[in-house]
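Protein chains: 10
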Amino acid sequence: MDRLEAGRIVAGARHAAGVSWQDLADELGRSLVWTTSALLGQQPVDADQAAAVGERLGLSTEVVEALQFPPVRGAAALDPTEPVAYRLQEALQVYGRSISELLAEEFGDGIMSAIDFELSFARRSDPKGDRVVLTLDGKFLPYRVW
Amino acid sequence: MDRLEAGRIVAGARHAAGVSWQDLADELGRSLVWTTSALLGQQPVDADQAAAVGERLGLSTEVVEALQFPPVRGAAALDPTEPVAYRLQEALQVYGRSISELLAEEFGDGIMSAIDFELSFARRSDPKGDRVVLTLDGKFLPYRVW
Amino acid sequence: MDRLEAGRIVAGARHAAGVSWQDLADELGRSLVWTTSALLGQQPVDADQAAAVGERLGLSTEVVEALQFPPVRGAAALDPTEPVAYRLQEALQVYGRSISELLAEEFGDGIMSAIDFELSFARRSDPKGDRVVLTLDGKFLPYRVW
Amino acid sequence: MDRLEAGRIVAGARHAAGVSWQDLADELGRSLVWTTSALLGQQPVDADQAAAVGERLGLSTEVVEALQFPPVRGAAALDPTEPVAYRLQEALQVYGRSISELLAEEFGDGIMSAIDFELSFARRSDPKGDRVVLTLDGKFLPYRVW
Amino acid sequence: MDRLEAGRIVAGARHAAGVSWQDLADELGRSLVWTTSALLGQQPVDADQAAAVGERLGLSTEVVEALQFPPVRGAAALDPTEPVAYRLQEALQVYGRSISELLAEEFGDGIMSAIDFELSFARRSDPKGDRVVLTLDGKFLPYRVW
Amino acid sequence: MDRLEAGRIVAGARHAAGVSWQDLADELGRSLVWTTSALLGQQPVDADQAAAVGERLGLSTEVVEALQFPPVRGAAALDPTEPVAYRLQEALQVYGRSISELLAEEFGDGIMSAIDFELSFARRSDPKGDRVVLTLDGKFLPYRVW
Amino acid sequence: MDRLEAGRIVAGARHAAGVSWQDLADELGRSLVWTTSALLGQQPVDADQAAAVGERLGLSTEVVEALQFPPVRGAAALDPTEPVAYRLQEALQVYGRSISELLAEEFGDGIMSAIDFELSFARRSDPKGDRVVLTLDGKFLPYRVW
Amino acid sequence: MDRLEAGRIVAGARHAAGVSWQDLADELGRSLVWTTSALLGQQPVDADQAAAVGERLGLSTEVVEALQFPPVRGAAALDPTEPVAYRLQEALQVYGRSISELLAEEFGDGIMSAIDFELSFARRSDPKGDRVVLTLDGKFLPYRVW
Amino acid sequence: MDRLEAGRIVAGARHAAGVSWQDLADELGRSLVWTTSALLGQQPVDADQAAAVGERLGLSTEVVEALQFPPVRGAAALDPTEPVAYRLQEALQVYGRSISELLAEEFGDGIMSAIDFELSFARRSDPKGDRVVLTLDGKFLPYRVW
Amino acid sequence: MDRLEAGRIVAGARHAAGVSWQDLADELGRSLVWTTSALLGQQPVDADQAAAVGERLGLSTEVVEALQFPPVRGAAALDPTEPVAYRLQEALQVYGRSISELLAEEFGDGIMSAIDFELSFARRSDPKGDRVVLTLDGKFLPYRVW
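Protein chains in written order, with my numbering: chain B, 2 to 147; chain H, 2 to 147; chain X, 2 to 147; chain S, 2 to 147; chain F, 2 to 147; chain V, 2 to 147; chain A, 2 to 147; chain R, 2 to 147; chain E, 2 to 147; chain C, 2 to 147.
Keep in mind that the hints were calculated from the coordinates and are not lab data.
Heads up, some of the hints might be wrong.
[To be verified] The calculated lysine to aspartate or glutamate pairs, modelled on EDC-like cross-linking and capped at a C-alpha distance of 20 Å, are:
| id | chain 1 | residue 1 | chain 2 | residue 2 |
| --- | --- | --- | --- | --- |
| 1 | X | K129 | S | D117 |
| 2 | C | K129 | E | E119 |
| 3 | R | K129 | A | D110 |
| 4 | E | K129 | C | D110 |
| 5 | C | K129 | H | D127 |
| 6 | F | K129 | V | D117 |
| 7 | R | K129 | F | D117 |
| 8 | F | K129 | V | D3 |
| 9 | V | K129 | X | E107 |
| 10 | V | K129 | S | D27 |
| 11 | X | K129 | S | D110 |
| 12 | X | K129 | S | E119 |
| 13 | H | K129 | E | D117 |
| 14 | X | K129 | F | D117 |
| 15 | A | K129 | C | D127 |
| 16 | F | K129 | V | E107 |
| 17 | S | K129 | X | D131 |
| 18 | E | K129 | C | E119 |
| 19 | H | K129 | B | E56 |
| 20 | H | K129 | C | E119 |
| 21 | V | K129 | F | E107 |
| 22 | A | K129 | E | D117 |
| 23 | A | K129 | R | E6 |
| 24 | B | K129 | H | E119 |
| 25 | C | K129 | B | D117 |
| 26 | R | K129 | F | D127 |
[Claimed, not checked] Beyond 10 Å from chain R on every Cβ pair, some chain E residues (computed):
| id | residue |
| --- | --- |
| 27 | L5 |
| 28 | D27 |
| 29 | L29 |
| 30 | A52 |
| 31 | D117 |
| 32 | P128 |
[To be verified] Computed spacing ranges between beta-carbons, pair by pair:
| id | chain 1 | residue 1 | chain 2 | residue 2 | range |
| --- | --- | --- | --- | --- | --- |
| 33 | H | A18 | R | D47 | 45 to 53 Å |
| 34 | V | P81 | X | A52 | 45 to 53 Å |
| 35 | B | P128 | H | G130 | 50 to 58 Å |
| 36 | B | E66 | X | A105 | 49 to 57 Å |
| 37 | H | A123 | B | S21 | 27 to 35 Å |
| 38 | H | S121 | B | A48 | 56 to 64 Å |
| 39 | H | A123 | E | D49 | 26 to 34 Å |
Using N, Cα and C, we set each Cβ at its ideal position, and we do this for glycine too.
Kindly generate the complete structure, drawing on both the sequences and the hints.
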């Protein structure tokens, strides 16, 4: 069993147990998105965290151990052809060049870090249909000149 | 000359003329990110908008005409291997599955629209280094069941 | 066992049992195409629906459980080189640009939703050889301007 | 100048001249979708048809000649990453296996032709937002057994 | 076990039993190439046909059942880098455009069907070395104009 | 101008001049398919042959010279997504393994040459619709054992 | 177990048993390279040869049977990113066009066969470091003109 | 004009002038294959060498200058789908693993250099058809252990 | 003219003028590798820097302007199949996992920055053959936990 | 179990046992990076080395045996989309052309060996954040001219 398989089992067990991702975040004392990504396999989880989640969801020892494997952050972590993921890709395709331009104008030559980075997920109600609001917050890193 | 080439010329002329993207957004009466993406080639620009920008930046007639061509929103709109774009891709790789999970938990079976969608760009100052804040705001669309 | 494997088992059991896809659609109170895609793995199926289908087709508990896993709507859901699928791809290749042009002319800047979307399948008899008629019906979504 | 370039020029000239695709279809005595795909480059256009369109839209001799080149029906005819095209691809991804299954059940071993094939485009008004309706109508072709 | 695996087992059992593909074709009352492609997995095989072949070759019940699964006609059916297959690909690469030209000249706008299609295999003796003769025979299908 | 461009010009000039491919084959004293593939760019053409074709079709000196460039037999020679070419690919996909099996059974370990190879094109009339008949004739080459 | 897996087991058993590839070639009465490629899975091996090798290396019945499966000569036979293989690829990249030119000059229009082909492997001592010498010897095959 | 284009012009001029590659090699005082690859663009050519070749073949100053550009040794140097090149690729596919095995057995852990490397081309007459003999001679380089 | 083309011209002019990269680095007051990468197109160059280099190398105004375009740091910046580049890729292939492991052990969960990053190039003489020494020096960035 | 799986088990066992990679390097009398890459699967490990590591980490016989399999140095050895690996790729993308240029200027026509090659890993403390320093040291190999 690898981290991604463990993540699928956690997601199923959570659903079956009627425990929300926020409940699990509270259990770990971390934010909602970090916790979700950690339990799905994209952040490191230590033995105490794995045990706490295992107890809450009634996971097997094998799953609790697999949760402590190194995180999986490569291409295997996401199916980009899945409809939710694809639309985010497409938004990046449409607005990515604009982000590069505005970053260069505002900050100079550099990037927005994907490591010193947070992402938050929220629901905003709207009479025409509720909206999903994702906030990406990353440190600006200037290219080194030497 | 196609839309993308026109966009590159606008970006260069804007820089040379010392006009900010926000100035151009004010000229068009639109938001900063929409305006940038429109002038780079990803949104439709009508004759009046093209003429206004052309006058402000001293663009040739050929560029002003090319700005009115249909928008380019396919893969040609972005080089995903460019470092700024790549980090956004990577963040999606790392957090995409989490977004899918939280969307399903909070809203049910559906997607976050990339069409009824806004993106904002901001700078947040931070003593450890200023940060880039991108806010993605898209309507939730439930899958039709029939 | 994953959703796609469960779908293959349902398809085989249905054939062996002499139950039509329409029978299963009637069982679930849904349309023919939605039901087929749900049982093959592309729509969510709840516990009651899975149990009803399981009973009708004599499926194992393992299959009934797998039918309740999240839907698989990424590239794994279809082999595009299979001859029936390929011809639909090719028709899109030949007529796709025309659809984009006509959509822009008739509705303006936007897309035809693949989420608020229905597809129906019908046979039309014709003396020169019966014909397959697929009707795709999706909501127009205008690009947001802000 | 190739067929695709000629098609882009026709599309622009049509827009500038305020002539609808239906007007051009009436000019040629063909259906709306066939005419659009022919003028964009996916169907053969003979000298009389090219001349008639050329006169109506004020096209150069070079464009009128290029319209008579052989049709372009390969992958170059469509950018599958363009948002309108992608959603049709995705719908095929989600419903393609279902179409194969229903075709086999209803007609037996064979395909839906993409050659003896028609496609129609229509707008259906709906209080919740108007809808795009595409009808694909292709002859069933059984696999030869010998 | 899937159709392709069943096909590999049939091929091995046939060889071990000293039964020729023509013997199996005679058993089924079909042509040589159709029978070979059916038993390798590319044509539908019904219960009687599967049973007859199973008896002749001493196949297990599992293989006999797998022979009745739907045919596999996608890319998985062939390794295009295998030397025999590659040379056929290459011949198509070299002569494909010529076939398109000659088809258009002789028949008009359309294709050679791969569905209403037969293929025969023969050996022709030649003093300089015997030759393989493949005859491809497919119905011409004209593009529909509407 | 390269060989492929020269080939496109020959094909257009031939059509405009009302000269058939068979006429050109007679001019060169070669078969129909060889001549077509040579003039489209896939076989070597010498100075006399190029001059004869140039005179018959009224080609420019530049085209006559380009016809004598080395043949283009790589992937650039064919667009495999063009509908006529695709169906031949698909037929190979469906029947290729069968050809390999029958070749091995009949001839032993080896291949059918794509070099010592001929291809003929014919029309066969049929009351249900005329048929295209392609005959591929290649020398069997046994693998060397040493 | 397939041919490639059997080949890996032979290679390991040979090493463990201290038997050289030349010993195995002597056992089969074939050349060094042919024998190595046959036992790794790229040439047909008959029952007697498989039995002889099996006895010499103490292979299981399952491996001895798998050695008699058809050879694997497609892309699966080699990992082109493995450093030894890559350098051969690269040499072909650098010298391939030269080989084509010299072949055309010396022999005329045709190819060097990869079927009626031998390859030998030798060590040549050199005071600056010993060298690997590979000799590729293939029959020239002229393109058929008809 | 780049190196590859210059190489194509050299090859054509050589053919037209009736100068052999060996003549050019003699002119430069280098071997046949090195000279051919240098003039096609894969080795560095200095000003004197370029001038000598330019004079012998009557090349323009532009070509003589382009011959002195840096060599092109990446993937652009070869079309691997061209039939002569493909067969060499395929031979590598079939015998590459054997070469790795024999190299490891004979020399230990390392590679055959593609840099300290020579390739020779020869014709060997044979009553059954003349043969092409390529000899690849590369220094063995052991992996460093530290 | 784009940045990459300007870079190729700079490289050629530098060679022709007998100016070393170090000379250009001294001219700009930057390090050797930064200067080389800037002039080849991978770092931003301002008007003064471009003018200084232009004067030193006698570049045209067009090149001096192109040097000030935004840097090109995507995949177009490098041909990974070029032999020097490939070996660096391969070294990464062989040692990349080790670097990840050692980074995690020594620094914890994070990355080595490619932005706050320097690279130096040096020659080290060695009696067995001089060696190239590349030093990569990047800031460790820990993953944010929130 | 293959070499890569064995490498993952070693990495996990090492972590669990609180043994550092340097401890293992000391055990084998090799450098840190060589040892890490060897135990992860990219260098050959002999029976004594495998036994020593197995004893130190309490590995099963199966793992100890798998450590002695041939090294895996192809693309399977690294996931290039993993964030640590990607940044090294990207640095190569940005600085690779510069390295080629400087190598040619300093050493002449040749490459930096990836075989006669060492890599060292070090931490350098820095008040603004500690840095990772990788040193790549490879022999220069000149292209052979013959």
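Here is how each hint holds up against the structure:
A threshold of 20 Å between alpha carbons decides the hint, and for X:K129 with S:D117 the separation of about 11 Å falls inside it, so the pair holds. Restraint check for C:K129 and E:E119: satisfied, since their Cα atoms lie roughly 15 Å apart, inside the 20 Å limit. Of the supplied pair hints, the one linking R:K129 and A:D110 holds, its CA atoms being roughly 18 Å apart against a limit of 20 Å. At most 20 Å may separate the alpha-carbon atoms for a hinted pair to count; E:K129 and C:D110 meet this at roughly 18 Å.
The straight-line distance between the Cα atoms of C:K129 and H:D127 is roughly 16 Å, inside the 20 Å bound, and the hint therefore holds. Restraint check for F:K129 and V:D117: the C-alpha separation of about 11 Å stays at or below 20 Å, so the hint holds. As the CA atoms of R:K129 and F:D117 are separated by approximately 43 Å, the hinted pair breaks the 20 Å bound. A hinted pair counts as satisfied when its Cα atoms are at most 20 Å apart, and F:K129 with V:D3 does not qualify at roughly 36 Å.
Of the pairs offered as hints, the one joining V:K129 and X:E107 is violated, with about 41 Å between alpha carbons and a cut-off of 20 Å exceeded. At most 20 Å may separate the alpha-carbon atoms for a hinted pair to count; V:K129 and S:D27 exceed this at roughly 33 Å. Restraint check: the Cα-Cα separation between X:K129 and S:D110 comes to about 18 Å, which is no more than 20 Å; the hinted pair holds. Under the criterion of a C-alpha separation no larger than 20 Å, the hint pairing X:K129 with S:E119 is consistent with the structure, at around 15 Å.
A hinted pair counts as satisfied when its Cα atoms are at most 20 Å apart, and H:K129 with E:D117 qualifies at roughly 15 Å. Restraint check for X:K129 and F:D117: the C-alpha separation of about 15 Å stays at or below 20 Å, so the hint holds. Our distance criterion of 20 Å between C-alpha atoms is broken by A:K129 and C:D127, whose separation comes to about 45 Å. The hinted pair formed by F:K129 and V:E107 meets the criterion: a straight-line CA distance of about 17 Å does not exceed 20 Å.
Using a Cα cut-off of 20 Å, the hinted pair S:K129 and X:D131 is violated, with the two alpha carbons roughly 35 Å apart. Distance check on the hinted pair: E:K129 and C:E119 sit about 15 Å apart at the alpha-carbon level, within 20 Å; holds. With a C-alpha separation of about 38 Å, the suggested pairing of H:K129 with B:E56 is violated against the 20 Å cut-off. A hinted pair counts as satisfied when its Cα atoms are at most 20 Å apart, and H:K129 with C:E119 does not qualify at roughly 37 Å.
A threshold of 20 Å between alpha carbons decides the hint, and for V:K129 with F:E107 the separation of about 17 Å falls inside it, so the pair holds. Our distance criterion of 20 Å between C-alpha atoms is broken by A:K129 and E:D117, whose separation comes to about 43 Å. Of the pairs offered as hints, the one joining A:K129 and R:E6 is violated, with about 37 Å between alpha carbons and a cut-off of 20 Å exceeded. Distance hint between B:K129 and H:E119 is fulfilled; the C-alpha atoms sit about 15 Å from each other, no more than 20 Å.
With a C-alpha separation of about 15 Å, the suggested pairing of C:K129 with B:D117 holds against the 20 Å cut-off. Restraint check for R:K129 and F:D127: satisfied, since their Cα atoms lie roughly 16 Å apart, inside the 20 Å limit. Look at E:L5: its CB is around 13 Å from the nearest CB on chain R, clear of 10 Å, so calling it non-interface holds up. No beta-carbon of chain R comes within 10 Å of the beta-carbon of E:D27; the shortest separation is about 24 Å.
Taking the minimum C-beta to C-beta distance to chain R, about 23 Å, the non-interface status of E:L29 holds against the 10 Å cut. No Cβ of chain R approaches the Cβ of E:A52 within 10 Å, the least distance being about 26 Å, so the stated non-interface status holds. Distance to chain R confirms E:D117 as a non-interface residue, since its nearest Cβ pair spans about 29 Å, more than 10 Å. With a least CB separation of 16 Å from chain R, E:P128 remains clear of the 10 Å interface cut-off, as annotated.
With their beta carbons about 47 Å apart, H:A18 and R:D47 fall inside the hinted range of 45 to 53 Å. A beta carbon spacing of about 47 Å between V:P81 and X:A52 agrees with the range 45 to 53 Å that was offered as a hint. Here the CB-CB span from B:P128 to H:G130 is close to 39 Å, at odds with the stated 50 to 58 Å. Take B:E66 and X:A105: their Cβ atoms lie about 55 Å apart, and the range 49 to 57 Å holds.
For H:A123 and B:S21, the hinted distance range of 27 to 35 Å is satisfied, since their beta carbons lie about 30 Å from each other. Checked against the hint of 56 to 64 Å, the C-beta distance between H:S121 and B:A48 comes to roughly 41 Å, which is inconsistent with it. For H:A123 and E:D49, the Cβ-Cβ distance of about 32 Å falls inside the hinted range of 26 to 34 Å, so the restraint holds.
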